[in-house]
Amino acid sequence: MDFNLSREQTALRDAVRELYRRNYDIERLRETAIADRGWTSDVWRSLAETGVLGLAIPEDFGGAGAGIVEVATVMTELGRVLAPEPILDSAVIPADLLLRSKDPRQWQGTLEGIASGDLLGAMAHEERGDRWPHRAVATSATETADGWTLTGSKRLVKHGDVADFYLASARVGDDLAFFMVDGSTQGLSRTSFRTPDRRRGAHLLLENTPATPIELGDPDAALRRVETLEQVALCAEAIGSMEEALRITTDYLGSRKQFGTALVTFQALAHRLADLHVLVEMARSMSLYAVAVLEDGGDDPVIASRAALQVCRSARVIGHESIHLHGGIGVTEEYVIGQYAARLMAIEARLGGALEHLQQVASGIDAYDKVVLG
Amino acid sequence: MDFNLSREQTALRDAVRELYRRNYDIERLRETAIADRGWTSDVWRSLAETGVLGLAIPEDFGGAGAGIVEVATVMTELGRVLAPEPILDSAVIPADLLLRSKDPRQWQGTLEGIASGDLLGAMAHEERGDRWPHRAVATSATETADGWTLTGSKRLVKHGDVADFYLASARVGDDLAFFMVDGSTQGLSRTSFRTPDRRRGAHLLLENTPATPIELGDPDAALRRVETLEQVALCAEAIGSMEEALRITTDYLGSRKQFGTALVTFQALAHRLADLHVLVEMARSMSLYAVAVLEDGGDDPVIASRAALQVCRSARVIGHESIHLHGGIGVTEEYVIGQYAARLMAIEARLGGALEHLQQVASGIDAYDKVVLG
Amino acid sequence: MRMRLSNDEASFRQQVREFFNTQIPKDIRERAASGETREPDDIADVQRILNAHGYAVPSWPAAWGGREWSPVQEHVFLDEMHLAHVPEPLTFNVDMIGPVLCEFGTDEQKARFLPGTANLDIWWCQGFSEPDAGSDLASLRTSAVRDGDEFIVNGQKTWTTLAQHADWMFALVRTNPDAPKRQEGISFLLIDMRSPGINVRPITLLDGSVEVNEVFLSDVRVPVENLVGEQDRGWTYAKFLLGNERTRVARVGVSKNRLALAKRLAAETPAGQGTLLDDPMLRARIAEMENELAALEVTLFRATSGDVDQAAIASILKLRGSELQEQTTELIADIAGPTALAVDGPSDEIPRWAQRSIRSYLAQRKVGIYGGSSEVQRMIIAKTLTGR
Amino acid sequence: MRMRLSNDEASFRQQVREFFNTQIPKDIRERAASGETREPDDIADVQRILNAHGYAVPSWPAAWGGREWSPVQEHVFLDEMHLAHVPEPLTFNVDMIGPVLCEFGTDEQKARFLPGTANLDIWWCQGFSEPDAGSDLASLRTSAVRDGDEFIVNGQKTWTTLAQHADWMFALVRTNPDAPKRQEGISFLLIDMRSPGINVRPITLLDGSVEVNEVFLSDVRVPVENLVGEQDRGWTYAKFLLGNERTRVARVGVSKNRLALAKRLAAETPAGQGTLLDDPMLRARIAEMENELAALEVTLFRATSGDVDQAAIASILKLRGSELQEQTTELIADIAGPTALAVDGPSDEIPRWAQRSIRSYLAQRKVGIYGGSSEVQRMIIAKTLTGR
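For the record, the sequence lines run as chains S, Z, R and L.
By the count of the working numbering, the first sequence reaches residue 374 at its end, each step adding exactly one.
By the count of the working numbering, the second sequence reaches residue 374 at its end, each step adding exactly one.
By the count of the working numbering, the third sequence reaches residue 388 at its end, each step adding exactly one.
By the count of the working numbering, the fourth sequence reaches residue 388 at its end, each step adding exactly one.
This is chain S alone, in the form it adopts within the complex (with noise of 0.2 Å):
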């Protein structure tokens, strides 16, 4: 056991973190998050050249081969500073689908694009009516004399409003099966919207649209595997968030004066900062567990959602405490601790809600007497 970060993944966890501190402040932070797409070209060109884009992808396909716990150590850093950059949707989710095929040597162009920042991709797979765990999928696959195409609707696609290509899911008969869709295609309409969050996706109608098969094995594995990598990438963003969320509002509280004292040196508040603490503490433990046991090859949605519950646990308090004990301008868009609640509530949306991970890792406790970790 070992929870230490070994010196390189320090060092990237420092190179990220100065990207950051160098191109962003909280005003610039603002500014992006409110223009057109929503973050900035010249930090995805930095973040290539870094080696962050190509970050799990191996050496062979252009990128730095490096693993899970480098991608949640990035993560972490990225929701320390609210980093509007779609690095997991755009680059480190179609890759690992990607790397999940036959013959990943069919899409080496697709890979090396995603590792320089040349290539936007997206994963197209929820639908309506549906929630997490998303397995409704009614969009159809038909082969025809010029190649397969696609019909039906994806929707709430992240960041889906600048990919250059969508890994769309969809039926071949009753089998799911995916597919890369080209951004530009006849057949595809975007409609884009905007998140809580200041983020940026779009829904798509597929009518007739070409799309070219990836040969997965398993294709209900790799959904599974890289829906699991999404969770705990995800749940390494959202203790960024909440270390530094915590960290203003601790702040804050330092140096903000009421009745004649600091706020901090009220002891009810500083018994709450000590609660916000271990909650802290308590979804860093299971985030990093996960990461763990995904980097050991263990792709076990349970574990996944051990993670997801105590993060959606710690941050829906995190949020709504570094709100409130912000008084006024916690509510207000233009302090920024309220975007922090928002990535929160974000990423618990996406993580798909404490309720139904609950119900995922309550549904298993008779098949063991304690849980084992590790």
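Any given hint might turn out to be false.
[Claimed, not checked] In the SDA-like style, the derived pairs of lysine to any residue whose C-alpha atoms are separated by at most 25 Å in a straight line are:
id	chain 1	residue 1	chain 2	residue 2
1	S	Lys370	L	Pro270
2	R	Lys181	R	Glu268
3	S	Lys370	L	Gly274
4	R	Lys239	R	Gly148
5	R	Lys383	R	Gly306
6	Z	Lys257	L	Glu214
7	S	Lys257	R	Gly306
8	L	Lys110	L	Trp69
To be clear, the hints were calculated from the coordinates, so they are not data collected in a lab.
Since the structure of chain S is already known, use the hints to place chains Z, R and L on it.
Relative to the frame of chain S, chains Z, R and L by itself:
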């Protein structure tokens, strides 16, 4: 709408309060609680004289002819002083069931005996393997040439250790029925037990035990009514115990010094006292509501469950916090606060538990748009 | 003890229910139900209809339009107003400045301001809060210096609700900076918002709404006849005003409507084989909240009949009321779940309530902060318990 | 980053697991599993078996029987001990006085006390707490006045755990009442419990157990050679001792065993058409607690590998650990439900665990009070955050 007590009700409350002030102090209460039967015959006689034992019995049957508000008012006072006398179990409940019978005149002597304090009754209803609401009656009633007999076992008969008679549920075929069983009859054996809050009870074994049927018309309705009464009365008692536990705790924190100042000046503790006060008030509200509805004739188990749910929630926190805020002496047997927590836990167990009542309340939520009170 | 309404009370309930459902236009009530009330128009329209029927200012003295209702009637009126989704009257007019002027105003002030206040011809805002003051109201710094027949006011107010629509502001200002106690030396002034030197800067909240403002006052001249009561005694009038809200702070009706909405939305949301409302855990959560809300409502009833400590009651209602408002918006965000992620897409893809849910959740954190934070309420409650 | 045990660590786990399961008598472990450990016999028997196998005092210096294990090994050893339901070694001996004597004791004191401490030939109790002191340890009043080669000790200790079995007490006493700070002027004394003038009064807890005691000291004569370290510097040694518990305070194993028990009991309890374990709400509650406990356990692992703020970690573990101990006993009382009402009836009618459940629940409230209350832990954690 009116939640004030009448002049008579206030006088009754003050009489009971005074009776207990005269008869018990902490030390006397402690001695009584650990002594053989756990309560005091002299006090029982005083209660009979004050009219408390026959409170809800009509004047024709030797009672005071009062109603549920009076019963609840007395219960709150009993809860406040942890009164050990079995007023609810040995007098109020048995009388109420007998009064539901088709011809209460048949039970004239018993009812007069209850009101005069000469006869102690007890409900013998719960059986093994059942939880609230207890409906798994397996005890069978058989009619013989010499009359009816009962065979089965009844457990957790509250204050069944000293009862002169039992009101026992049993099956006649598949139907529920109630029988009067003499406490000294043949074929009845009882095993006494103590409760965690220093009360008493007995498990009963019935083997061809002679019994007299109680003609109830609708025995299921009568059972529901008497259970609702029990729940409402226990809620009212819990309010008294909570109010007093909070008062004792507040006093303690006001007098106890640490780090050179009274504990109550620690803001974190003051905030918790405030939250506890709110919890007590919310429970009091729901308890009064259930009392008012039952007084109006609305014997609705859902409303009783609403009160029970709120009381269980509040009681659990009040019990825990009033021990915790006392520190070390809170968990000792000799200091009184733990006895309040014990009584509240025992009341919760008798009510059936928060989980069970929450399910009862939750089962009906799609039947209405909004909760309408009254 | 009696839970049911008396016959008179029940017929009063019937009467006001019919009034709200027939006299207040349906479109106003529908917008309110879905959280889309148009300000200031809807508020003003409702207030004028109420005024035309004698329902605008029931708690004022009869001479100025009051009805001398019993506490039960006041409660029933408000309850029915919420149930019919009628937007609430502007509290600054009805509950705050009106009663203060009735009690402490000069005859001239009453005649000049009260009729327009009741009819919302004058829209009032409250100039109490200041930057860096938070819950410590008495630390205010906005100064008013006497200059002949005028005060010259300089300073800044903040969190000034709906100041962007306001015609007048009632404000606390410091007239004697040398007073021995901070609460002394404060005066209560009526300030025309069109005065030169006033600058209103809207503050956007986390749901994108503009509800509160900063108000900058720079050499604003206020005639001395706009002083309420005595100079330097403004703290007394402010306390009277703040103590006047009482039971309305619980906002039981708002939470009740929101819980009913939550049930409908959950029943429309597919999940597993059925809908989200079939989920035992969600059902339990809703049932528990309904029960907590019922307990709060009974507490309100008890407050009206005097069966609860009067010193603590307003704080208990505010504290629990805020918590339940916060929890009910949280519930709706959780029902929206993953669909809460789109905030401006097409409503046929994601319904508008879901699109709004997270941002509403965030902005609604305000209810535990504004109007005396939950921490302030806890200290007031603790004080009534401990006498310290 | 690595969650799995290394091969060496895994084989260490295997080895100690086998040791506990084969060398510690089954009846002792069964009694511990059902909460019926016989004191002092079971504790002493286990300690002597551990000592015979070199497992009694692994964290002491090697010269006195220590093993110089890695933090992971220490954790694994304790974890396996809990999983096998082996009663824990007496913490006063193993974690407290032993390490203090190893660090600060004279050679004579080490030779005289350490072997018997490791073998539990000497049963130690801790004389720190005093009446009216609570969490404010430094306010202690028991005095020790030098008289030739002896101290004369007068005062009262309380909450003295298992003092009824103790041979010796290590105590904090005030040797200089005029010291400028309260923490100065305190000394650390070893006191023979058979000394004339010592009187032990047991305190019964809410479950009927006698675990803590009052200890009255009246003109008790203690030879100066029983002073540990320097006179008036006892506070330093006490802080060393209290900082020494570290990770054990979480008591994850105890809560884990109790949750496993809760599941078994719920599965044996009929409810509705099935058992209580079929109830979705109860399942969710258990799952949530298991998850919280897993989070605490990972935090423990992190503490052993240094990935967590060292100043706060012991407090975090104590705080969360106590809460979970409290919650797991609460769960069992709720599973017992109405059957918790009988505490001394026949066990064929109501099983013994159910009979004990409410009184255990009540007595277990102690874990958030003893050893630094949850409030003290929160203040320590807040301090690490705010630096105040």
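Hints and how they fare:
For the hint pairing lysine 370 of chain S with proline 270 of chain L, the CA-to-CA distance comes to about 22 Å; that is within 25 Å, so the pair holds. A hinted pair counts as satisfied when its Cα atoms are at most 25 Å apart, and lysine 181 of chain R with glutamate 268 of chain R does not qualify at roughly 58 Å. At roughly 22 Å between alpha-carbon atoms, lysine 370 of chain S and glycine 274 of chain L fall within 25 Å of each other, so this suggested pair holds. Taken as a hint, the lysine 239 of chain R and glycine 148 of chain R pair is broken in the structure, with Cα atoms around 29 Å apart against an allowance of 25 Å.
With a CA separation close to 20 Å, the supplied pair lysine 383 of chain R and glycine 306 of chain R stays within the 25 Å bound. Proposed proximity of lysine 257 of chain Z and glutamate 214 of chain L is supported: the alpha carbons are some 20 Å apart, at most 25 Å. For the suggested pair lysine 257 of chain S and glycine 306 of chain R, the alpha carbons sit about 38 Å apart, so the restraint of at most 25 Å is broken. The straight-line distance between the Cα atoms of lysine 110 of chain L and tryptophan 69 of chain L is roughly 22 Å, inside the 25 Å bound, and the hint therefore holds.
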